[in-house]
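Start from the sequences, fold in the hints, and give me the full structure.
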Amino acid sequence: MAYDPTTPTESERSVAYYIVGAGAVANAALLFAQFVAVPRWIAGACILAVAASLLVTVFSSRDDDYFRHLSLTSSRFAMGIIAIWFCVAAIIHLGDGGHFVGELAAGGQPSENTSAGPAGWFAADTLAVTVATAFHIRFVFERFRR
Amino acid sequence: MKNQLKVLRAMRNWSQADLGEHLDVSRQAVNAIETGKYDPSLPLAFKISRLFEQPIEEIFDDGFDGGPNGEA
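Note that the protein sequences, when read in sequence, are chains A and B. Here the first sequence is numbered in my numbering, starting from 265 and rising by one per residue. Here the second sequence is numbered in my numbering, starting from 22 and rising by one per residue.
Derived by calculation from the structure, the hints in this document are not laboratory data. For every residue, glycine included, the Cβ atom is placed at its ideal position computed from N, Cα and C. All the pointers check out, no bait thrown in.
Straight line, CA to CA, 20 Å or less: simulated EDC-like cross-link-like pairs of lysine to aspartate or glutamate:
1) B:Lys23 with B:Asp86
2) B:Lys23 with A:Glu406
3) B:Lys68 with A:Asp329
4) B:Lys27 with B:Glu74
5) B:Lys23 with B:Asp60
6) B:Lys68 with A:Asp268
7) B:Lys23 with B:Glu74
8) B:Lys23 with B:Glu55
9) B:Lys23 with A:Asp329
10) B:Lys68 with B:Asp39
11) B:Lys27 with B:Glu78
12) B:Lys23 with B:Asp82
13) B:Lys68 with B:Asp82
14) B:Lys58 with A:Asp329
15) B:Lys58 with B:Asp45
16) B:Lys58 with A:Glu406
17) B:Lys68 with B:Glu78
18) B:Lys27 with A:Asp329
19) B:Lys27 with B:Glu79
20) B:Lys27 with B:Asp82
21) B:Lys58 with B:Asp82
Partial list, derived from the structure: chain A residues whose beta carbon lies under 7 Å from chain B:
22) Glu274
23) Arg277
24) Ser278
25) Tyr281
26) Asp328
27) Asp329
And the structure:
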């Protein structure tokens with residue numbers, strides 16, 4: 265095979281694993297920050313690390329077969345969480361409870377029975393953290409399972 | 022899937038990182054293949070086969086002893 269000076273070395277390929285590992289730690293901290301107030305700069309740094317981890321998963325070309333296998337498995341797991349989220353949202357929208365929960369989420373104000381409730385489908389950041397957490401949990405589990 | 026990768030690597034006194042360098046994969050990938058957690062893709066299996074100059078079926082064992090039509 266012809267020598268290609270741009271081919272990543274073994275250590276360069278390992279970097280992708282370390283970045284996702286750091287992202288998993290930051291994700292755990294971010295999850296913690298959902299329940300306990302932390303300084304904004306800490307939350308911001310964690311969000312940045314999680315974003316970097318997910319971006320590496322999507323766009324990295326300096327990885328290998330195994331990393332792509334882990335990414336695919338973890339992404340499918342995260343998609344499953346989104347599907348469950350949609351199922352719950354569908355039940356709330358379709359059921360009588362949707363109007364009731366919407367009124368509660370709107371602070372008890374009278375609300376139209378439209379797709380805008382309940383409370384913009386819960387909080388978007390909660391969904392994002394939940395899906396990222398699912399991704400990282402599955403990635404770490406697959407990586408270190410026996 | 023069981024394989025002889027660890028033995029073949031040890032015969033050459035290579036670390037997992039060394040083997041990863043030869044195969045253009047990471048140390049983590051070599052470890053996952055050796056421990057049976059991950060079955061390599063066909064291109065990677067061929068690369069391993071060429072590197073150690075052995076047929077794929079002598080390096081990897083899927084536990085199937087039958088003939089091509091499934092007869093034992």
